Every structure is written in C-alpha cells, then in structure tokens.
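Visitor: The chain contents come next:
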Amino acid sequence: MIAELPEEELFLPGHTACAGCSQALAVRIAMKALGRNTIVCLATGCLEIYSTQYRRCAWKVPVIHMLFENAPAVASGVEVAMKRIGKDANVAVFAGDGATADIGFGALSGMLERGHDVIYICIDNEAYMNTGIQRSGSTPYAAYTTTSPPGKVSIGNKTFKKDLPAIVAAHRIPYVATANPSYPKDLYKKVKKAMEFDGAKYIHILTPCPTGWGFESSETIKIGRLANETALWVNYEVISGEIMDVMKVKEKKPVEEYLRRQARFRHLSEKEIAEIQKFADENARIFSL
Amino acid sequence: MRVEMPELDVKIRIRCFDEVALSYTSEMAMQEALRCYQCNEANCIDGCPVNIDIPAFIKAVAEGDFEKAARIVRDKNALPAICGRVCPQETQCEIKCIECGNCWLYCPEGCIEFVDSIPQPNYDYCKGCGICAEECPTGAITMVVEVK
Amino acid sequence: MVMLMSSKKKRKRNRINKENKSKEIENMVVIEGSHAVAEAVKLCKPKVVAAFPITPQTHIVERLAWLVANGLLDAEYINVESEHSALSLVAGAVACGVRAYTATSSQGLALMHEVLHATSGMRLPVVMHVANRALSAPLNIWNDLSDTLAQRDTSWIQLYAENVQESVDFTFIAYKVAEEVMLPTMVCMDGYTLTHVYEPVSIPKQEQVDDYLPEYQTNYKLDVENPMLIGAYALPDDYMEFKYDQQLAMDVAMAKLEGEKEEFEKKFKRKFDLIEEYNLNSNIAIISMGSVCGTIKDAIDNMDVGLLRLISYRPFPKDRIRDALRNVETIAVIDRAFSYGFEGVLFSEIKSAFYNVEEKPRIFGYTVGLGGRDIRIEDIRRIIEDVKQAEKESDWIGLRGVYA
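Residue numbers (my numbering), protein chains in the order written: chain P, 1 to 289; chain V, 1001 to 1148; chain A, 2001 to 2404.
Source of the hints: derived by calculation from the structure; they are not laboratory data. Each hint should be verified, as a subset may be incorrect.
Unchecked claim - Below, in silico cross-link-like pairs of lysine-lysine (DSS-like), each with a Cα-Cα straight-line distance of 27 Å or less:
1. P/LYS60 x P/LYS162
2. A/LYS2045 x P/LYS83
3. P/LYS87 x A/LYS2221
4. V/LYS1059 x V/LYS1011
5. P/LYS192 x P/LYS250
6. P/LYS278 x P/LYS152
7. P/LYS60 x V/LYS1127
8. P/LYS222 x P/LYS193
9. P/LYS162 x P/LYS278
10. P/LYS185 x V/LYS1127
11. P/LYS248 x P/LYS222
12. A/LYS2221 x P/LYS83
13. A/LYS2221 x P/LYS60
14. P/LYS192 x P/LYS87
15. P/LYS222 x V/LYS1148
16. V/LYS1096 x P/LYS185
17. V/LYS1096 x P/LYS222
18. P/LYS60 x P/LYS152
19. A/LYS2318 x A/LYS2297
20. P/LYS222 x V/LYS1127
Every value quoted in this text rests on a predicted model; they were computed, and no experiment measured them.
Looking at chain P on its own, in the form it has when it is part of the complex (with noise of 0.2 Å):
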C-alpha cells in the first residue's frame, strides 16, 4: 500500500493519453478499487482509443469494447451472462460525457431501470474530446468547443450541463456517487463504496482536460480542485434517496478563479461570469456548502 491506496497498477503507463490527462488518472485509481476480478466495458471515446489500440493494451483485466453508445447494454449483456456461468467478477462501465448524457443516454437508463449489477463510471471531460472537442450535453455554460464556438453573437455553449447524477438517482439504484481525481483517495473509497451494493451503480466523475479546457498539462488537479472550491462541482452521494456525504469547501471562492486559469472561458464577459456564479451559488446552497 502506497498513500493508503494498493501499489499494483492494473491500468498501466505506455497509453498515449495527453500529459496530464486527468481520466487516465481517474481510471487508475478506480481500477486500484475495483481489483483484477473485474471485467471492464468501453464506450468509444479517449479511454478507449489510448488504451486499447491494437498490440497496446493498457488493462491488466478482460476488457471489451464495441460501440459509442451501447456499453451499457454490453455490460448488461456480461453481467447476465457471468450470472449465469456462476462467475463473480466485477463489471465496470467507463464511459464518457458525450456516450453517457448524449448517444448512450437510452442505453443507460435501459441498464439503470433494470438494476443489472454493474458499476457505471462516467469520466467527463465536458466536451466529445476525442474528436477533438465537441459540445457535449455535459458542456458548461458559455464553454468554447469547436461547434459551440463564441463569436460575434454567440456566446459559447448556450446550455448548462445535463444533471446526470439527479437523472442516474431517479432511477432509484442503490448507489449514485460525483468524484474527482483532484481527490483520489474520495474516488477510491466511492469505488469500493459501490462495490458493496447489489445492483446498477453509478459513479461521474469530473475530470478536467488539458488539452480541452486550456490549461497547463501541470495544472490539472489544482484546476480539478478549484471546481469543487468555487462549488462549481461537489462531491456527494445518493444512497436510498438520499443526498449524503457532501465534501464541504473550507473557503468558498468566487467562480473567476475557476474559470480564468482556462482558454476555453477567456472570452466570458462580465454577464456570464455572473450567470456562472449564480448556479455556483445555488450548488452552496442546495448541498449547503
């Protein structure tokens, strides 16, 4: 044990993710939680391509990967089957923001609604980054992405992010949980949390991009952690209903400090910045910050 987290690696150095990638750290730390009895399933996205590219794989577990949108019905389709051969292992989903809230969106609550025995991580880097930085439905406000670019009458994405966590609980599973890898140790005790629970789980995870975002490659847990300090993202969870576990910000800071250290917020005006604090505000105060 290093850090009171297990040395193995089970997701292993040698992918080419971006330095700095902070999903490659939230995988590695999620799979140091779930153990090599796990068999892991991929949406398309920038996990999948950096890991699994034919003669690299980066998993020491089983791994499958088929299409963008249907890891959920893959996993439900593994689970089952294991069930069925009497096998134990672990499945896990990783997927991204857009698979999760966009194109797989039907595929999850099919997964969800059913209750299959699977832990479903969404990494979410706010855009469809692995094609080079798309809008998401979990694009923030006034984010730059290439198609929702600010300009002389745009503003940038028009649209909060899709509240996937309250969408994920009103399935009513047994366990819905936000993380960040700012946070590593928070992650992995989630990771195990959910692994105690018969049933669908559900784990997002913020997991702020370099490459995406604007930020240096260094920068990246210091960002991740100011977006909980400008409780611009918190860290709970929904067990049986209800909101528990709220990761409480010692010093609330205003959302500028958030939002400036990143190229995809620097053109904001005055307006936006306020809209941002606004929902940053109501966040302190429905999970009283």
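Given the coordinates of chain P, assemble chains V and A onto it according to the supplied hints.
Guide: For chains V and A alone, kept in the frame of chain P given last:
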C-alpha cells in the same frame, strides 16, 4: 497551511534597519510545529548542512518546551540565531522528499516507482506533465526542460 | 387461433407428405411459425435471450418469455430498451463464452446496423432470426426482403427459409456453423407468411438436437483468469487483415455448410443444402429466395421451367449456382428487394455470378411483392411469358394505379 510570519510594515521598514521578520508568538510557533509529519527516517536531517535533529526540535516546540528545542539546535549549531535568520531552508531541509506518496498518487501514468523509498519516475513512460512537481508539498521534484 | 387452410397450403403439404411418405415423420405438430422457431431456439439452450418487440417477429420472443416464465427454458430473459441494445447485450453475453439469442425485423434490424458490423468484426457467433419485413418509409409491416438484403455487407451468414420447417431446422445449423467459424448468423423467414401461419412441423427431441449441436466452448472470451481485449482499435496498418480474415471465415463457412448437408440429413432425416435445384432440366429457370418459392413451385409445376432456390445467400454459393444452371439459357431472377438507383439486389448478384462464364445465360430481373403485396401464380406466369419475349431487361411486376 503554513503559518505566515508576521512582518514589519513596508512603510516603516523602508526608513529604518529594524528586522523585518517579527517572529511567531508561542501559539503560532506551536501551530506551525504541528505540521511536521515526524517521519521515522527524516530526510530533512540530511538536507541540513550540520544535520540538526529537526523533527526532535520541532516536536519540542509543538509541546511548548522552547528551551528544549533551543538546546537541540545548539547541540549541532554554535550560532543558531544568525543561521536561523539567514538559512536558505527552502533549498536545504525543506526541499527533501517526505515520502508522502503524493507524486505516486497523482501521476496520471502510474509510472512512479519507489527505489529505496525514494520515488523515481520511469522515464520510459513519463510524459513530463509536471503534476508530480506541482503536487509535491516540499518542492522536492523539479521539472527540467530537455528539449526546446 | 384460426388455422389457415388455403388450397395452396394443402398442395404444399401434400408435396411434403409425398416426399416423406417413406420416411419417418417424427414429432409432427401443427404450430404457428414463430412459436415453432421459439421451440427450436429453446432446444439450442441459449443462456441469455434479449427481447425487443417488433411486428412480425414479436411472437417469437413472446413465446420465449412464456417458456422462460414456466421453467421450460432455463435462461436469462432481458427486456431491453431498443434493438440496438438487444444485439449489444447478446454480443456482450457471447463475448463471455455463453450462447445467446435475439430476434428482430425491418426497422429493428436497420437500427442494429452498426452493431451487426461490430458483432461480425469482433467474431462473435450470435444467432438471430429475422422475420423479413419491408423498411419504412412509408411505414409497412408486411413482408419483403429489403431488411436483410440491406445488411448483406455486414459479414453475417444469411440463410433464407422457404417454410416453417426450414426456419426451425436452420436454427440448429446456424448455431453449429456460427460457433465453428466465429461469424454471426441470421436465419431469415418471411414475416407473416411464415411467422403467423400454422404449418405441420417436425420439432426434434432434445436428445436429437444435443446429438447434433455441441455446447458452445471457446477460449475467446472475457475471463479474469486469462484477460484479453475484445474489440481493439486498429490503425491502417492492421485493419485490413482483420477484414480479410472475415472473408476467409466466410469461405470456411461455405465449406462447413456443405459439410452439414450430410450431417444434418443423417441426424434429422431431412435435407439441407445451400441451394435447392427444382426441375432444372429446361431452358428457362427462375432464381429466388424465401417463401415466394413455394408459390413459384406451384406456378411452374406443369411447365417446362425450373427453379433454383437460393438458401445460403451469404456466403454466396457462386460455383454451385453456375453449376446448377449450366444448361439453362434463360434466367428470370425474382427479387423482393430493390437497390434504388440501380436494380434488383439478387438480379445484380446473379448477373455478376455469371459474368466470367464463357457461355452466359440471358438474365432478366423482376421485382415483386414489396411491402407484402401478394404474389399470385398469374404474376409468376406473366414473368415467364415476359422472359420468353425478352423485351425488357428488368421490370416491376404487380404495380397498380397509374403504374399498372
């Protein structure tokens, strides 16, 4: 969080030769002393040019026994008052690895290995992202530009 | 439930009886086509069944639900939220080394399109019945072959049944060959025409099927004891060889299907072949697939015309077709799907099969019965007359209104 050293106001100190650092109060010193991890094999001692038993004197401060702390320092250093004011501790004892594991924890690649308890990146896999240096609490890791 | 006893059916049944008179007819029941297929699937003992309803396949999955609910089929039965997920779930199960099943039609098959490609690319031996139905738009729930023929490039083995018995029998052959060559297989049966009719069918006993179809065993599966990646990302340096492997597998599938001719007859005392050669002694022959061939046989029974019925459409038995029709001068291809902007699907393929043959027959194409339009014996006779006139290369038969 490091307890900030109170300083003489700028407007005053530009007109006299009084010391800038005003010194901690007893409470501030004890609070600051609690930050020490009291490592079993303290690397900070090697960082000190005269190998003062740093964890021991800090522990004495934390307990409020300032005399004992002073004696521990005097044991290795004959001029502690002068050295304490001029010492570049940020490049000596403070820069040492405290084996907290942060670099290993936050590395997105998982390419940091431990050699004799000291973390070493595996350069076959290190992408030079700089997160380890950024997250190291003592600044024991420096990023070096290899190619411009 | 009403038993349909048209005169056409009586004639067909008499033909079957005449053929099998000297043979044992075991386990005969009069049963709805879709239910017969469900019984066949049950005999194959899949461990996972994914179900999403679409007319006219729905009775298959409904019957399977009833079988599972009453402990007659010991399987996981999952009601999925779309056909795309139905096939994805089944693929995930097969990737664990477990036999699985689903069924669909028309829009459902179209929705599955990318999953069809992925399933075959990942070499997962899924078996699926498709109750052939026309594709929207306009919306139409009745029978033609546009749904499965639109998927001919997906590297799935495709078998086309003429009657309910074949829909049943091809289930066993499908699992056997699919699992041997690691390619998914679809058994195509005309929607309504075969799914919703009652026919006398021989449903084999469990021991017969167990004797013919071994359990699915493979090392190619998700297993924590032996981790592997299923479904890689292949750069231009690697992709083409994966795809060539699939074509080689299709060649092996052709050989395996040929091998099943003897094996299947031995175990079930019924014939199986990649094509059916029906009275191919004359100068004129019709080529077609599916249940329309029953009507064609009735139409040509007292004529000097033969029928080549294509059973295995993919792999396409080019050499068998050339050989069977070596003495035929004129061919009428009867199509139940059309490639808009060009011509009938089977028409193109038959022409291409004969292109490099020295002495080519003349080949004509006729599109009939789209969207469930009835195909009458008069229509077949009209086609034969047209072919003899040899005026038009191709035509649509049975159009009404302004196009009549």
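Visitor: When the hints from earlier in the document are held up against this structure, which numbers fail?
Guide: 1, 4 and 18
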